[in-house]
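Engineer: Given chain X, work out where chain B should sit, using these hints.
Protein chains: 2
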Amino acid sequence: MEKNLDARLKEEYVSSEEIFKGKIIGVQVDTVRLPDGKTARREVVKHPGAVVILPLTDNKEVVLVRQYRHATGEILLELPAGKRDGGEEPLACARRELEEETGYQAQEMRVLTAFYTSPGFCDELIYLVMAKGLLKGEACPDDGEFIDVVTLPLDEAVRMVLDGEIKDAKTGLGILACRGLEEQC
Amino acid sequence: MEKNLDARLKEEYVSSEEIFKGKIIGVQVDTVRLPDGKTARREVVKHPGAVVILPLTDNKEVVLVRQYRHATGEILLELPAGKRDGGEEPLACARRELEEETGYQAQEMRVLTAFYTSPGFCDELIYLVMAKGLLKGEACPDDGEFIDVVTLPLDEAVRMVLDGEIKDAKTGLGILACRGLEEQC
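Those protein sequences? They're chains X and B, same order as listed. Numbering follows full-length UniProt numbering, in which position 154 of the first sequence is assigned residue number 154; successive positions increment by one, without gaps. Numbering follows full-length UniProt numbering, in which position 169 of the second sequence is assigned residue number 169; successive positions increment by one, without gaps.
Bound conformation, chain X alone:
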């Protein structure tokens, strides 16, 4: 699939207007040329990218965090995650976030895959990192982060994704991908 040659679908960049530059996100409105030659405006949220960690214990339990999400107005159950500071390498970011949020250190970590959370308007790319060989230490969340650590059997977590009790997309995808990859082994 030669993405750069796919002129029937591709849009060409024309210009960009910066709207907002915040601590986490930036916002811009770009003008693009469509495949039919017309122009269109695209609202874009710029994000530095993130990692989500799937910490799996030797007993096939998943370590999750409960935290309040102001944007959604709910306490959500999620896999540990965090944004990449200044282009930080995904595994280094995963190691830091896992320890900060849960206190766990992992003896084995590897990137399973990466995905876009909302490609229609946002460039956020999240790396999914598997963490095994977990050693429990002391959590030390960032200033302003209030987090509960919750450990669940993988089977129970899979059920909660399918039943809609786990409502965070990166967490659902991480847990179901873990189950799928375990079955392949």
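There's no promise every hint is true.
A pair holds if it fits inside one copy or across any two, identical chains being indistinguishable in the list.
List of simulated lysine to aspartate or glutamate pairs, DMTMM-like, C-alpha gap at most 25 Å [to be verified]:
1. Lys21 x Asp58
2. Lys21 x Asp142
3. Lys83 x Glu18
4. Lys38 x Glu18
5. Lys132 x Glu89
6. Lys23 x Asp155
7. Lys83 x Asp143
8. Lys10 x Glu108
9. Lys46 x Glu74
10. Lys60 x Asp85
11. Lys38 x Glu145
12. Lys23 x Asp85
Bear in mind the hints are in silico, worked out from the structure with no lab data behind them.
Structural biologist: Leaving out everything else, chain B in the frame of chain X:
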């Protein structure tokens, strides 16, 4: 889990400053009071919500769309999806988007679950809708939408999610959830 009583985690709304009101998204910076009494600023992207459709043929094939995503600079393979116009009911939105993007009409549609795409900074909630009993008609994309329709066996789509060839989170979650629910039946 009494979410409203969970004072150890919950943040209280203090005030809000509107930054941007676009066609698809809005942006605001809110001030919240943290559980320890301090205040913090939260950058929030407001989104009307969306649906993602899992169209499954009688032969266990999934109908997907290829489309260029300006925000990510790539052509992505995704399940058909679209935003809810003015609080549109999820099934009505799914019916409209499925037909516009792929030409298919579904005799059977039901909401499987709903999830947040980026709860750290965005309120976008996506309903996952299963569509079966597919009848092929003529696609009629919105003005400015350029889309290829692609049909793949469910097993192949699952493999592409696990291998990272399918990079869109809602698509990955929809396909893996479909596989998980099929196994439960």
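Engineer: So, for every hint listed, does it hold in this structure?
Structural biologist: Hint check:
For the identical chains of this complex, Lys21 and Asp58 are neighbours neither inside a copy (43 Å) nor across copies (48 Å), given an alpha-carbon limit of 25 Å. Taking the shortest Cα distances, Lys21 and Asp142 sit within 25 Å of each other inside one copy (22 Å), while across copies they are farther apart (31 Å). Proximity of Lys83 to Glu18 under the C-alpha cut-off of 25 Å is found in both arrangements, the shortest distances being 22 Å within a copy and 24 Å between copies. In this assembly of identical chains, the alpha carbons of Lys38 and Glu18 lie at most 25 Å apart only when taken from the same copy (22 Å versus 31 Å across copies).
Only within a single protomer do Lys132 and Glu89 lie at most 25 Å apart by alpha-carbon distance; the minimum there is 19 Å, versus 42 Å between protomers. Taking the shortest alpha-carbon separations for Lys23 and Asp155, neither the intra-copy value of 37 Å nor the inter-copy value of 41 Å comes in at or below 25 Å. Within a single copy, Lys83 and Asp143 get their C-alpha atoms as close as 15 Å, which meets the 25 Å cut-off; across copies the closest is 35 Å, which misses it. Taking the shortest alpha-carbon separations for Lys10 and Glu108, neither the intra-copy value of 40 Å nor the inter-copy value of 33 Å comes in at or below 25 Å.
With identical chains, the CA atoms of Lys46 and Glu74 are at most 25 Å apart both within one copy (24 Å) and between copies (15 Å). Within a single copy, Lys60 and Asp85 get their C-alpha atoms no closer than 30 Å, and across copies no closer than 42 Å, so neither meets the 25 Å cut-off. With identical chains, the CA atoms of Lys38 and Glu145 are at most 25 Å apart between copies only, with a shortest distance of 11 Å across copies and 46 Å within one. In this homomeric assembly, Lys23 and Asp85 come within 25 Å of each other (Cα to Cα) only inside a single copy, at 11 Å, whereas the closest approach across copies is 30 Å.
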